[in-house]
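Engineer: Quick note, the sequences are listed as chains Y and U, same order.
The first sequence begins at 1 in our numbering and counts up by one.
The second sequence begins at 1001 in our numbering and counts up by one.
Hints may be right or wrong, so weigh each one.
[Said to hold, decoys possible] Below, simulated SDA-like cross-link-like pairs (lysine to any residue); rule was C-alpha separation at most 25 angstroms, straight line: (1) 55/Y to 82/Y; (2) 172/Y to 1167/U; (3) 14/Y to 1222/U.
[What the hints assert, rightly or not] These stretches of chain U come out as covered by chain Y in the derived footprint (C-beta under 8 angstroms, 3 or more residues): (4) 1159 to 1172; (5) 1208 to 1217.
No wet-lab data here; the hints were simulated from the structure.
From the three backbone atoms N, C-alpha and C, an ideal C-beta is built for every residue, glycine too.
Next come the chains, spelled out residue by residue.
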Amino acid sequence: MAQLFHPSSNTIAKVSIVSGVLGIPGLIGVGYAINMTYGYQVYKPIEQPVQFSHKHHVLDDGIDCRYCHTAVEKSTSAGMPDTHTCMSCHSQIWSDSPELAPVRASYISGQPINWNRVHDLPDFVFFNHSTHVNKGVGCETCHGRIDQAPLAMKVHTMSMQWCLDCHRHPEKFLRPKEAVWTMGWKASDAGVNPDTGKPFTQIELGRKLVKNYKIAHERYLTDCYTCHH
Amino acid sequence: MAVITPREISRRLPSPVVDADETFDVVGKGNTLATVTQKVSDAVLRDRLRPGWVAFLLFALLLLGVMAVAVVGIVVMGVGLWGINNSVGWGFDIINFVWWIGIGHAGTLISAILLLVHQNWRTSINRFAEAMTIFAVFCAGLFVLSHVGRHQYAYWLFPLPNSMGMWPQFRSPLEWDVFAVSTYATVSILFWYVGLIPDLATLRDRAVRPLVKKAYGIASLGWRGSNQHWHRYMAVYLILAGISTPLVLSVHSTISFDFAFSQVPGWHATVFPPYFVAGALVGGFAMVLILAIPLREIFNLKDLITMRHLENCAKILVCTTIFVSYGYAMEAWTAYYSGSIDERFMAWNRAFGPYGWSYWSLLFCNMVMPQLLWFRKIRTNLVWLYFISVVLSIGMWLERWVIIVVSLTRTMLPSTWHGYTPTGWDWAQYIGTFGLFLTCFLLFCRVLPVIAMAEMRELVHHEMHHGAHAHGHGDAEPNGGFSGSDPSVTPAHA
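I would like the entire structure built from these sequences, with the hints used as guidance.
Structural biologist: In structure tokens, the structure reads:
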């Protein structure tokens, strides 16, 4: 009887088994990795009506976050500045810059500038800025080095897993309340730990802060209704 | 006066009326290694398309179309199409899931447990019983997937890495169910396929057309029947039988936990796991008979799937229906003995409540009807056997109806009491899964050997060379002793 298959079939069979065993989990892994980065539009600057630079205003000019985001300590939303806030400076400086034409137009017409949202959470999630900044979560913890960003963009996925990383272990991320607005803060900036005689590590400091700020137990921080009311 | 022994009684009973070509041996006389292979493989390779088979397939495809409409309807419009409501959240979806998955259990029992305990009569029915298992699991899986509601997220049932940073709830029996059923499906398919490999090679060697040869050649994975191949094959087959054996008990136990772990009166009972396993075997063996009786007629396999097989299945049905009857008795007894007003009301409501008809029908189907199988004349009468199998299938369906729906209509808070009426969509999906099952089964009958040829050859070899000497059984002594006239006392080949 003639051979049904060419001898190369043996190799094809072996390769197909190996590639099936390695390939399928590999594809799932690659898909997961792509979804967790590009899927969440991380590090992708959003086009805005005015090319506003946080780097220039925060790093170069030293303006406090709260000068523009006035509601951040009292409200769920950090608040976007109205055109008046922009014009409090820009009526005096750069008052004829073509870059700022939309701002002046908005000021004259009374129509707010239509900023594009950078951090767009799903509607079934309720995030409260005030409770976070009042419990020692720094601006930088979520928004990264916004003082170095010419154009605002997400630096974290804002995925549920990312939220839970902190809700499960808040001590890894907390900082003293007075350092909430600081950029580039490190645990050692909090000084010497009296218990060890060495500069604070994040975990040592974080555990203290969890206690001092009365941060709820993980069990409550990870309840469904904590974020999904 | 001589002492009357059971053996004496059985000898004096009138011998059953059966056709001349029927036999009570495990293999019909005159079968050789060649005839077994020829009969089974010709059904696949040489047979023309029979008009009956084509008509049956068209009917099955029609039902499959009904299923497609039902599933698309549920995916597009949601489970609101079904008759379920706030109180009765589990209806036809779960009844049919449990019913179908239970049917599969007979296949696994036949292929794994009966193999390990050396019951040689399993050989000719294990292949199609395993196929039945796999197709029944498909049907069951369809109900679970339809019932999750948001079908695009059905994969959330599995513990996959995800952007939510969450696992499924491992403490829930519903999650154990996911593992139980997916393990069951995987092991059943593997077991079936490994068993098929030598037979696929036989088909490859006997096929004429090059394309058919190639197809079976690929499927048989280069099987040459060398000693080394057989050695490894036997090892793998036994290991898979060993893995499958606990599954016969564990899968339906886990499914019973879906109910028993809750506090709903009528669900919260410790008898559930064994009671569910026995119920699964009742439904499964009834389905084996429903499939085997026409199969052996249509494909002319009466001397391979013999009366011995059908009778043994009937005996298993007698045994397992006694188990489930014990389950019904225990449900009523624990309801009384618990002293709980809710449990007692549940038992009363089952018998005399608005769905009382289903409880009494269930007892009739599963407790009364199978008692007929004590009579040899009924066990060996194919019409009766077929009829009782259908009644038992209906009975097992009613059992799940009574447990799931009737319990949920009357839970502890009277304010939540609510009726349940299945809608056309419920019926369409239930009837539609018969289309899926039948289509798969009919295609299987035409494309794969319905009887495990390699194992049958081994059995025939054993009968030819050892059977006559060891047991006074077979050609040497055609009509002598109990083995010829009364197979029920024939010692099994160990």
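Engineer: None of the hints should be skipped; say for each whether it holds.
Structural biologist: Okay, the hints, checked on the actual structure:
1. 55/Y to 82/Y: Roughly 20 angstroms separates the two Cα atoms, so the pair holds.
2. 172/Y to 1167/U: 22 angstroms, holds
3. 14/Y to 1222/U: Holds - the C-alpha atoms of residue 1222/U and residue 14/Y are around 12 angstroms apart, at most 25 angstroms.
4. 1159 to 1172: It holds, with 7 qualifying residues against the three required.
5. 1208 to 1217: holds (count 3)
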